[in-house]
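Trainee: Each chain is listed here by its residues.
There are 2 protein chains.
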Amino acid sequence: MANPTAAMLVIGDEILSGRTRDANMHHLAQALTARGIDLREVRMVADDAPAIEAAVQALSTGFDHVFTSGGIGPTHDDITADCVARALGAPIDIRDDARALLEVHYERQGTELNAARLRMARIPDGADLIENPISAAPGFTIGNVHVMAGVPAIFETMVASVLPKLTGGAPLLSETIRINRGEGDIAGPLAALAAANPDLSFGSYPFIQNGTYGANIVVRGTEARAVAAATAELAALFSDDGG
Amino acid sequence: MANPTAAMLVIGDEILSGRTRDANMHHLAQALTARGIDLREVRMVADDAPAIEAAVQALSTGFDHVFTSGGIGPTHDDITADCVARALGAPIDIRDDARALLEVHYERQGTELNAARLRMARIPDGADLIENPISAAPGFTIGNVHVMAGVPAIFETMVASVLPKLTGGAPLLSETIRINRGEGDIAGPLAALAAANPDLSFGSYPFIQNGTYGANIVVRGTEARAVAAATAELAALFSDDGG
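Chains as they are written, first to last, in my numbering: chain A, 136 to 378; chain B, 136 to 378.
Quick caveat, the hints were computed from the structure, so don't treat them as lab data. Warning: the hint list may mix true and false statements.
Said to hold, decoys possible - Chain A residues, not near chain B, derived (Cβ > 12 Å throughout):
no. : residue
1   : 178
2   : 226
3   : 235
4   : 236
5   : 374
Claimed, not checked - FRET-style restraints, in silico, Cβ to Cβ:
no. : chain 1 : residue 1 : chain 2 : residue 2 : range
6   : A       : 185       : B       : 311       : 25 to 31 Å
7   : B       : 232       : A       : 264       : 56 to 62 Å
8   : A       : 370       : B       : 300       : 41 to 47 Å
9   : A       : 346       : B       : 235       : 21 to 27 Å
10  : A       : 313       : B       : 232       : 55 to 61 Å
11  : A       : 360       : B       : 185       : 28 to 34 Å
12  : B       : 189       : A       : 260       : 29 to 35 Å
13  : B       : 232       : A       : 316       : 25 to 31 Å
14  : A       : 242       : B       : 330       : 29 to 35 Å
15  : A       : 269       : B       : 374       : 36 to 42 Å
16  : A       : 250       : B       : 315       : 18 to 24 Å
17  : A       : 370       : B       : 315       : 54 to 60 Å
18  : B       : 360       : A       : 295       : 45 to 51 Å
19  : A       : 311       : B       : 268       : 24 to 30 Å
Just so it is clear, CB atoms sit at the ideal spot from N, CA and C, and this is done for glycine as well.
Using the sequences and the hints, build the whole thing.
Mentor: Pasting the structure below:
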């Protein structure tokens, strides 16, 4: 059975302007691979309502799961929750369960739960909250869309609480073999091996080290034996390189 | 006049599986911002022909420029050039000018220009070559699509040779002010300032440092005076924080 598929939507002007280097995509990619969920597409858009809504609709229709990152804080540029609700046709307002989480958090801090902070309790009808043990303001899951914070430490705790609830497939296994020849020498035999093993994928990642060309070949699949056999075959083909 | 718009398409299984952390998006984002071109969307897809072709069509229709990264090497998973040609309806074959570049390079190296390496001379009809001073295999520009290598050092030299040829707009200027208060305290006054200055954008990037909440507020715009005035107004609003 094929693994479930996923897409990610990274939201924020600061990513597209180059001010901030996104770190959440790489974290999620590794976590999904380990869980046996295939990340097929990532989109990054600005804090722009039509762009966010169009992306949520396209990705939630096209993939089993969508994970969003960013835009759920208290400031005027935090519009993700309302955009997701609109994209999915769900009503949204301040919800009592989310407000209660914020009340406890801010009372403990001695901070006023003002109108701006209350915006973080805007949760679509029918959504399940995703816990935020760091700063209380929850993420949420509605349909197949998981809405999470952009701050990496919070994003990572939310991923850790969401993923175990999802049905994963067979985790993708991989082995890497380093071949000290130019990719152009490797390409022919590698293409033949790939054609003979349609259940495996073969990636070639070239490098130049001290003036010498080489490539790391990564063999991926869900069957450990098949991955090991293909890797051994590659090693034998290029054994004069010391693989 | 509004600045030209751009999108980026990052191509490669290794990015989506989490094996490799993409670095090209952040580099391009900063280079485009400095050039006055607005990066509006990024997509990342696997080495999968239908996904690449659909993304090229959507992005080349929706934005003034599209920059792609990855998938132009000699191995079987390098399918970007053919996918871009198909997406734009352009014929593609081994082209003499690209082949000549490879011949010189491999003859100097004493390496055979075999069938796999020759694939890197597949260039769509009507495309302009983008120079690759590192490993010779060129990128190309066809219509509004700029096809570049995935290896960061090569990607960066290709960006450096393409961008000066494009018409840029007014570079986006920014000033950052650090405010040692929770975003929830900043949000109200910040929203009012944003509403009063529709030509500027105001981003709020929260942090927690030694248990204290704060945010960096970034004011962006193309008019230096307007950016400076709004930043000064913010500083005055929160002057008790030593901004």
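Trainee: Now, for every hint given, state plainly whether the structure supports it.
Mentor: Consistency of the hints with the structure:
1. Distance check on residue 178 of chain A: its Cβ comes as close as 5 Å (rounded) to a Cβ of chain B, failing to clear the 12 Å threshold; non-interface status is violated.
2. Look at residue 226 of chain A: its CB is around 23 Å from the nearest CB on chain B, clear of 12 Å, so calling it non-interface holds up.
3. Every CB of chain B is more than 12 Å from the CB of residue 235 of chain A (nearest about 17 Å), matching its label as outside the interface.
4. Non-interface call for residue 236 of chain A relative to chain B: holds, since the shortest CB-CB distance, roughly 14 Å, exceeds 12 Å.
5. Annotated as non-interface, residue 374 of chain A keeps its C-beta farther than 12 Å from every C-beta of chain B; the closest such distance is 20 Å.
6. The hinted window of 25 to 31 Å between residue 185 of chain A and residue 311 of chain B holds, with their beta carbons roughly 27 Å apart.
7. At roughly 59 Å, the beta-carbon separation of residue 232 of chain B and residue 264 of chain A lies within the given 56 to 62 Å, and the hint holds.
8. Look at residue 370 of chain A against residue 300 of chain B: about 45 Å separates their beta carbons, and that is inside 41 to 47 Å.
9. Taken as a hint, the range 21 to 27 Å holds for the pair residue 346 of chain A and residue 235 of chain B, whose Cβ atoms sit roughly 24 Å apart.
10. In this structure the supplied range 55 to 61 Å is violated for residue 313 of chain A paired with residue 232 of chain B, their Cβ-Cβ distance being about 34 Å.
11. Against the hinted window of 28 to 34 Å, the Cβ-Cβ separation of residue 360 of chain A and residue 185 of chain B comes to about 30 Å, which satisfies the hint.
12. Range check, residue 189 of chain B to residue 260 of chain A: about 33 Å between beta-carbon atoms, so the 29 to 35 Å window is met.
13. A beta carbon spacing of about 27 Å between residue 232 of chain B and residue 316 of chain A agrees with the range 25 to 31 Å that was offered as a hint.
14. At about 30 Å, the CB distance of residue 242 of chain A to residue 330 of chain B agrees with the hint of 29 to 35 Å.
15. Checked against the hint of 36 to 42 Å, the pair residue 269 of chain A and residue 374 of chain B fails, with Cβ atoms roughly 29 Å apart.
16. One distance hint, 18 to 24 Å for the beta-carbon pair residue 250 of chain A and residue 315 of chain B, holds here, with the actual separation near 21 Å.
17. Under the hint 54 to 60 Å, the C-beta atoms of residue 370 of chain A and residue 315 of chain B, about 57 Å apart, fit the expected range.
18. For residue 360 of chain B paired with residue 295 of chain A, a C-beta distance near 46 Å keeps the hint of 45 to 51 Å intact.
19. At roughly 29 Å, the beta-carbon separation of residue 311 of chain A and residue 268 of chain B lies within the given 24 to 30 Å, and the hint holds.
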